[in-house]
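> Using the sequences provided together with the hints, build the complete structure.
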Amino acid sequence: MGLEIERKFLLKDDGWRKDVGRSVNMDQGYLSREDGKASVRVRTEGATARLNIKAAVVGAARAEFDYEVPLADAREILAKLCVGRLEKVRHFVEHHGHTWEIDEFSGANAGLVVAELELSREDEVFQRPHWLGEEVTHDRRYYNHALALHPYSNWPGH
Numbered sequence: 001m002g003l004e005i006e007r008k009f010l011l012k013d014d015g016w017r018k019d020v021g022r023s024v025n026m027d028q029g030y031l032s033r034e035d036g037k038a039s040v041r042v043r044t045e046g047a048t049a050r051l052n053i054k055a056a057v058v059g060a061a062r063a064e065f066d067y068e069v070p071l072a073d074a075r076e077i078l079a080k081l082c083v084g085r086l087e088k089v090r091h092f093v094e095h096h097g098h099t100w101e102i103d104e105f106s107g108a109n110a111g112l113v114v115a116e117l118e119l120s121r122e123d124e125v126f127q128r129p130h131w132l133g134e135e136v137t138h139d140r141r142y143y144n145h146a147l148a149l150h151p152y153s154n155w156p157g158h
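Residue numbers for the sequence shown follow the working numbering, so the first one is 1 and each next one is one higher.
Among the hints, erroneous ones may be present.
[Stated by the list, open to error] Below 25 Å or equal to it, Euclidean Cα-Cα: the simulated SDA-like pairs (lysine to any residue) are:
#, residue 1, residue 2
1, K37, K18
2, K18, E87
3, K80, K18
4, K37, E87
5, K18, E45
6, K80, S120
7, K54, A146
8, K54, P151
9, K8, P156
10, K37, S120
11, K12, G97
12, K12, Y143
13, K54, K18
Hints listed in this document are in silico derivations from the structure and should not be mistaken for laboratory results.
What follows is the structure, given as structure tokens:
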């Protein structure tokens, strides 16, 4: 079984943009609703595609299974089988030995930017970049699965 250990943060400012090493467009859709034991996702990442299954728990560590799938299959699944979708550009930023993944959402989630950091252990120490804001690891609303079903543009007060 795979294990994902990931922390999520909002951003204070755009200071990260000057350090972007590369970016990739992503289109992802979910084949399951939020009430199950797992989220099942298909994602196109540029010219590649992946099928991903994650335990439906909130927190930094979750069971995860991830598989490459043919791009044509992923596009067909996105078009015909998903209960929720989202689009984003993922920017990769290196900072003191860690790679930050900064997701800049579009469509119904436009205006939301979230930084994620994958760690090898839950207690791993990392240096916080100056542009990092509030941690939202334990706030289910910021999980991609939730954003696909309950977009940021529909949140009260937004």
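> Hint by hint, where does the structure go against what was stated? Just the numbers, ascending.
Numbers 1, 3, 6, 13 - these are the hints that the structure violates, sorted from lowest upward.
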